[in-house]
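Required output: the full structure, derived from the provided sequences and hints.
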Amino acid sequence: MAERTVELASAHGLHARPATLFTQAVAKSGVPVTIAKGDGKAVNAASILGVISLGIEQGDTVTLASDAPSSDALLDELVTLLATDLDAQ
Numbered sequence: 015m016a017e018r019t020v021e022l023a024s025a026h027g028l029h030a031r032p033a034t035l036f037t038q039a040v041a042k043s044g045v046p047v048t049i050a051k052g053d054g055k056a057v058n059a060a061s062i063l064g065v066i067s068l069g070i071e072q073g074d075t076v077t078l079a080s081d082a083p084s085s086d087a088l089l090d091e092l093v094t095l096l097a098t099d100l101d102a103q
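Position one of the sequence shown corresponds to residue 15 (the working numbering), numbered consecutively onward.
It should be emphasised that the hints constitute simulated quantities derived from the structure, not laboratory data.
Keep in mind that a hint or two might mislead.
Stated by the list, open to error - Label-pair distances were calculated between CB atoms; the ranges are: (1) A82 / A25: 26 to 34 Å; (2) D86 / E21: 14 to 22 Å; (3) A25 / I62: 14 to 22 Å; (4) H29 / P83: 30 to 38 Å; (5) A25 / S84: 28 to 36 Å; (6) A25 / D81: 27 to 35 Å; (7) D90 / S61: 15 to 23 Å.
Where is the CB? At the ideal position from N, CA and C, for every residue including glycine.
Written as structure tokens, this is what we have:
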């Protein structure tokens, strides 16, 4: 299983707009990915409701994981996305 840990950069947390950009990137990839806040429960990273329900705020650490072969590049892209302040764009 490939995993990445990243600190969320978006100034207002992973609310509707940044969560939508994130979940769309996951869904578009077609690769199953989960996201978990801290040591909490992992949810489907392509689910907007699942991601928003985690209540991820700026500075929170999240873990992305995937069992799919060759998911390393996708996880790296998602880490870059979450490490960017999507509220500033």
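Any hints this thing doesn't respect? Which numbers, in order? The structure breaks none of the hints.
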